[in-house]
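Fit chains B, C and D to the supplied structure of chain A, relying on the hints for placement.
There are 4 protein chains.
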Amino acid sequence: MTTQPAPTKPAAPPKAMRAFAMLGLGRTGFVQKPLPVAGPNDAIVKTTHALVCTSDSHTVHGAIGPRELLTLGHEAVGIVYAVGSEVRRFKPGDRVVVGAITPDWGSEEAQNGFPSQSSGALGGWKYANIKDGVFAEYFHVNEADANMALIPPDVASEQAVYCADMLSTGFMAAEHGEIPIGGTVAIFAQGPVGLMATAGARLRGAGRIFAVESEPRRADLAREFGAHLVVDFSKEDPVARIIAETSGIGVDTAIEALGTEKSFQQCVEVTKPGGTISNVGYHGSDDYVAIPRVAWGVGMADKTIRTGLCPGGSLRLERLLRVLQQRQLDPTKMTMHTFGFEDMNKAFEIMDRKLDGVLKPLIVF
Amino acid sequence: MTTQPAPTKPAAPPKAMRAFAMLGLGRTGFVQKPLPVAGPNDAIVKTTHALVCTSDSHTVHGAIGPRELLTLGHEAVGIVYAVGSEVRRFKPGDRVVVGAITPDWGSEEAQNGFPSQSSGALGGWKYANIKDGVFAEYFHVNEADANMALIPPDVASEQAVYCADMLSTGFMAAEHGEIPIGGTVAIFAQGPVGLMATAGARLRGAGRIFAVESEPRRADLAREFGAHLVVDFSKEDPVARIIAETSGIGVDTAIEALGTEKSFQQCVEVTKPGGTISNVGYHGSDDYVAIPRVAWGVGMADKTIRTGLCPGGSLRLERLLRVLQQRQLDPTKMTMHTFGFEDMNKAFEIMDRKLDGVLKPLIVF
Amino acid sequence: MTTQPAPTKPAAPPKAMRAFAMLGLGRTGFVQKPLPVAGPNDAIVKTTHALVCTSDSHTVHGAIGPRELLTLGHEAVGIVYAVGSEVRRFKPGDRVVVGAITPDWGSEEAQNGFPSQSSGALGGWKYANIKDGVFAEYFHVNEADANMALIPPDVASEQAVYCADMLSTGFMAAEHGEIPIGGTVAIFAQGPVGLMATAGARLRGAGRIFAVESEPRRADLAREFGAHLVVDFSKEDPVARIIAETSGIGVDTAIEALGTEKSFQQCVEVTKPGGTISNVGYHGSDDYVAIPRVAWGVGMADKTIRTGLCPGGSLRLERLLRVLQQRQLDPTKMTMHTFGFEDMNKAFEIMDRKLDGVLKPLIVF
Amino acid sequence: MTTQPAPTKPAAPPKAMRAFAMLGLGRTGFVQKPLPVAGPNDAIVKTTHALVCTSDSHTVHGAIGPRELLTLGHEAVGIVYAVGSEVRRFKPGDRVVVGAITPDWGSEEAQNGFPSQSSGALGGWKYANIKDGVFAEYFHVNEADANMALIPPDVASEQAVYCADMLSTGFMAAEHGEIPIGGTVAIFAQGPVGLMATAGARLRGAGRIFAVESEPRRADLAREFGAHLVVDFSKEDPVARIIAETSGIGVDTAIEALGTEKSFQQCVEVTKPGGTISNVGYHGSDDYVAIPRVAWGVGMADKTIRTGLCPGGSLRLERLLRVLQQRQLDPTKMTMHTFGFEDMNKAFEIMDRKLDGVLKPLIVF
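Chains as they are written, first to last, in our numbering: chain A, 3 to 367; chain B, 3 to 367; chain C, 3 to 367; chain D, 3 to 367.
Next comes chain A alone, as it looks inside the complex:
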């Protein structure tokens, strides 16, 4: 929004940069790439911090099909390096966070209220999918005015980088759940998105939050982020327990944050008639995801199944940054590992193999 005169650009701009890419199925490594170029509505950002996501790992293993020399990564903050002729709200030197999802805001899907689906299903997901991602010294931002936000001085970049995907996706799960103040919520799995769904449920004023998780460190974080009861599915049947805890009625909202058919079915089972199942897990295998017929009320029990993809946009990012400014939660509790960009291989491996209880490795450029 500030429009100070743009500082002069560096005299001799770099011509090439390092990027961490998927080389082919199951293979990753560093490559040299030319700097991306900004069209009239775009920006180029110099990366300073990024987070590794489980979906980067899925991609490398073929979840979205074959890709070659595709730069990985979609969660990043950085410094604006260049902007196109039509960009009004940003200038080189600005410290910004960029949405993992960067919609085409004029698309009919966005006009219809679903920007993440712009120009086709999941079409707002561009980084490391249909264009190069953010694990590079520089990256490209389409419709820059609408897809990135200034980071306020009182928010550290290490915090802000969580807005790109984790807060936005996790909170969406809670928002889609239409949780009433004092309502009951069950959240299946407490990985980074599940933890942020738990935090989101607390932010919406849920009265009782059940988190389903067996790994002790994640269970502890779930409690810190707002879970009132953590159910260890390895020790008891989470459906039976949650139904019992709600006097046989079931919860207002169940959130699926894992992406397995079983946890999806458990969500349908613990949700009361008139309640909502909010799916945020990525269902990556098999041809079908089966709804349990009787628990679904034979298709007539007013149990609504919502889904969604991480909301993008500057407005969303600014709202999330505000939550961080007010210290309403501290997502860096999930940063238990930090690497330099040069150690990207190691960071990726730890995430890929889920070593050392990893949640979100932070990459510092």
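Certain hints may be false.
[Claimed, not checked] Computed list of lysine-lysine pairs in BS3-like fashion (alpha-carbon distance at most 25 Å, straight line):
no.	chain 1	residue 1	chain 2	residue 2
1	A	K35	A	K264
2	D	K264	C	K264
3	A	K264	B	K264
4	A	K93	A	K35
5	B	K93	B	K133
6	A	K17	A	K93
[As the list claims (entries may be wrong)] Anything over 12 Å on all C-beta distances counts as not near chain A; from chain D, calculated:
no.	residue
7	P36
8	S87
9	R91
10	Q113
11	I132
12	K133
13	A221
14	D289
15	L317
[To be verified] Label pairs and their computed distance ranges (CB to CB):
no.	chain 1	residue 1	chain 2	residue 2	range
16	A	L231	C	G359	34 to 42 Å
17	A	G250	C	V33	41 to 49 Å
18	D	R329	C	E180	34 to 42 Å
19	D	G115	C	E217	56 to 64 Å
20	B	D239	D	A242	53 to 61 Å
21	B	G64	C	A18	58 to 66 Å
Rather than coming from a laboratory, the hints here were simulated on the basis of the structure.
The beta-carbon is built from N, C-alpha and C at its ideal position, and this holds for glycine as well.
Same frame as chain A, now just chains B, C and D:
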């Protein structure tokens, strides 16, 4: 709402009545039953017209488990015969239509906005489920003030009886679909509920309505009730056709009005990202109803799956009666067969075996 | 929900009781009244704790017209003393909180989603309006199953009594405001309802909460309940300040919790296009409440004006009790004065004249 | 969506064009202007048909402040003449309709769901407000891909031009009203927007539509577009009549389509508790628009006041065109006068002075 002086009650009230009941699995017939008695909030209605529903047939074949001597039927109009001490809005002699679903309006599910689920999943469905139905000379109405409506003089009973279930359920399918003015809708199957879903889509201002149906008489009725294009699934793939007709984008809303897994899956497939699948079909078999994973956007394409059970209540009934008063549609086009109550066995058989292109047999008492 | 056998009633039930009533315009005092009697759906509750509300004072001064010998009060908890024949969920001896608003759940307004308006505008408001209130040794509860809730053992009656009106009304103000996570909210006036609106905004995950208040003790409580900035309207223009704090854009939601035309207008002025003005203040004088035309965008700026009356019902009460069980806020911070029922005159006077910084006098029976 | 190779542009493009402009307060006339130039996201359209709007007249009389040499008009169709480098969906030669409101789709207001308010209150209204309008041989379209739509071959330009503003605004009034199927609606004033609100109410399935109008020709059109009863406010009190027609209850939805304080107040008065007042009239004078306090339920009767500005966007336009394709209504019934562009002065005068029962003068270029 009219408050004429109540007519005097008959001097010697009948002690017993005829009812058409499920005698056991697969068996139906007439039985003698005592007249039902009204509690403080209830009414007793003398039946004048009723409609047979496919779900009556399902019930007899065991869909909701074993029942003995349960009176069948849930769609009826009649004359108020007696009312309880707390009933304020009705008096003996009133001509009324009663909802197929008669919720407990003080239940927490009703407070939560889902009266049809009152006191448990599908709990508003009482007739021929947890209490005797309407195929009898008299029937019982719980919470009478809230669960029935006066029929205006300019609406025939033969019309009004369609409000009990068919209009309410079919229109709900369209309402749940969140159809925008000018939006696109696909409706799978054009039985009575599907036809009323088609009429409902037209009433919501849909811009293009695709009805999927192969039976010629139903296809004709679909066109009369508002379908712009009828797709004969026996001659072409309805998914491919509807996707093509929408320029590859898919519809805003798909309505499942059959209750098969296949048509449910086709609904998911023809719905665009950000669209709604409105299920109104009763899914009566198998343990699961499987969602096609990729068409569902791997759980992230903002395709919402809604379900529901026929809305009840006097307000709903009055609104439906108003639609009939304005001649916005004529549901009696679906009445192709009429029987006296004494021919109930024949009426039931024709429905059970779907003979003679039957849609809704009308029973006159 | 528990249905143990009802304990035997006291051998010789009292025939009369003390009640604190409006004797006529501007006059209050104790009177003897017969015990209320429960109809089939009702209950009689023996009062243990009650709160005085500013609206009791308004009533005495004529706000709702002349009343004679009307028992005052609408916020109370107590012990069930008797239940009608149709009551299923409660029995004598149960410790309960009763909603200030006790809707007719079968009314068409309730069917339409607005139970507080049942049987006409504000028709759910019965206590000290169209029937005797709760400042008596016993009081009557219509549709008892739906209009009261068991108090869990871990919630004190002194806490629970705040659910009857203050939490329900204040939180409603926030809910009507459609506050997004991280959104901005301005709340005009921090009396008890305004303070609970502030707490409600925090419970919905607001990112920045502006409370407008000049009285220091209320300002302090506003901060405790979640305000990020308290604007003292006696020292600066709250509209200018809030607009400046939101970079000239205005807030997502403004809440009017005072009931003056000026604060209502300020709400319209600080709300951004597309935002919501949630009115919860009782506008008690003059023929009109004027909207500022230009700030309202000449009737085209998508600024929505919502209003409402305290939501009632057992489900609402149970959700509010859950918030107290989780210690998400402590409303007893507003209880700065406690009186025995015999000192009701004094309690009423302190509230009527707003002495000693009073917020909510608690009456112990 | 078609992407044929762009035809070659005319060899010698025109350098100047005629435009019909506001010359100063109260003065209009033809001027010569240079052709507008398309930026990267824009298009230039050669006008073929336009409609005059009452708001053009308001503008000339100073409603939006002083303007000099501003081209008037905001409702037009035409042929694409040139497109910018980033435009993907259109090419020269396409026959298109352009929204009267042309939002900035990446703005935060659009991201928030209110594109018409983009970049500030009413900021999507650019034509004849903050940039030259469409009463010229050529006009400029910002964000062309998102703000215009191809006209299907089976829709005449004379029909399509009504989508730019009249259908979009009038239908919005009905949509904002949240009309249930079978609900009751009162629409105050049957000018072009009011008539299209009436048509919109019918398209949403209203059960009873009351149109308030005294001018006989407009009353007739109201009936043709769907009104069930036209109340002549010059002969009876419309509030009393509508309340009586709804058994004393009031309507679900009242639509203000005139822009006077009196009709706005009548809307509040005829709306039932829990109902919606949908304001679409432009309130052009005085500092305040006063809500009647008691009819508003002293700020607590759940009567919601919605407002809005004509929705723009290609998706909206395509949906409206679909309604025309299906012949669901014929807006050209409102075209009772047609002029060539050279007779613009006459067309403007007839509209300005409301001569000859004019509704919408059509301008043919």
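Hint by hint, here is what the structure shows:
Proposed proximity of K35 (chain A) and K264 (chain A) is contradicted: the alpha carbons are some 42 Å apart, above 25 Å. This hinted pair checks out: K264 (chain D) and K264 (chain C) have alpha carbons roughly 22 Å apart, not beyond 25 Å. In summary, the hint linking K264 (chain A) to K264 (chain B) is supported, as the alpha carbons are separated by about 22 Å, within the 25 Å threshold. Among the hinted pairs, K93 (chain A) with K35 (chain A) is consistent with the structure: their alpha-carbon atoms are about 24 Å apart, no more than 25 Å.
Restraint check for K93 (chain B) and K133 (chain B): satisfied, since their Cα atoms lie roughly 23 Å apart, inside the 25 Å limit. With a C-alpha separation of about 20 Å, the suggested pairing of K17 (chain A) with K93 (chain A) holds against the 25 Å cut-off. Taking the minimum C-beta to C-beta distance to chain A, about 21 Å, the non-interface status of P36 (chain D) holds against the 12 Å cut. Against the 12 Å criterion, S87 (chain D) falls within the reach of chain A, whose nearest CB is about 7 Å from its own CB.
Distance check on R91 (chain D): its Cβ comes as close as 9 Å (rounded) to a Cβ of chain A, failing to clear the 12 Å threshold; non-interface status is violated. Non-interface call for Q113 (chain D) relative to chain A: violated, since the shortest CB-CB distance, roughly 4 Å, does not exceed 12 Å. Listed as outside the interface, I132 (chain D) is consistent with that label: its C-beta sits roughly 15 Å from the nearest C-beta of chain A, beyond the 12 Å cut-off. For K133 (chain D), the requirement that its beta carbon stay farther than 12 Å from each beta carbon of chain A is met, with the minimum near 16 Å.
Even its closest Cβ contact with chain A, about 36 Å, leaves A221 (chain D) beyond 12 Å, as expected for a residue assigned away from the interface. The non-interface label for D289 (chain D) is consistent with chain A: the shortest C-beta to C-beta separation is roughly 30 Å, beyond 12 Å. Distance check for L317 (chain D) against chain A: the nearest CB is about 4 Å away, which does not clear 12 Å, and the non-interface claim fails. Checked against the hint of 34 to 42 Å, the pair L231 (chain A) and G359 (chain C) passes, with Cβ atoms roughly 39 Å apart.
Between G250 (chain A) and V33 (chain C) the beta carbon distance is about 45 Å. The supplied range of 41 to 49 Å therefore holds. Checked against the hint of 34 to 42 Å, the C-beta distance between R329 (chain D) and E180 (chain C) comes to roughly 38 Å, which is consistent with it. Between G115 (chain D) and E217 (chain C) the CB atoms are about 37 Å apart, so this pair departs from the stated range of 56 to 64 Å. Between D239 (chain B) and A242 (chain D) the CB atoms are about 58 Å apart, so this pair conforms to the stated range of 53 to 61 Å.
Between G64 (chain B) and A18 (chain C) the beta carbon distance is about 60 Å. The supplied range of 58 to 66 Å therefore holds.
Against the hints set out earlier in the document, violations occur for numbers 1, 8, 9, 10, 15 and 19.
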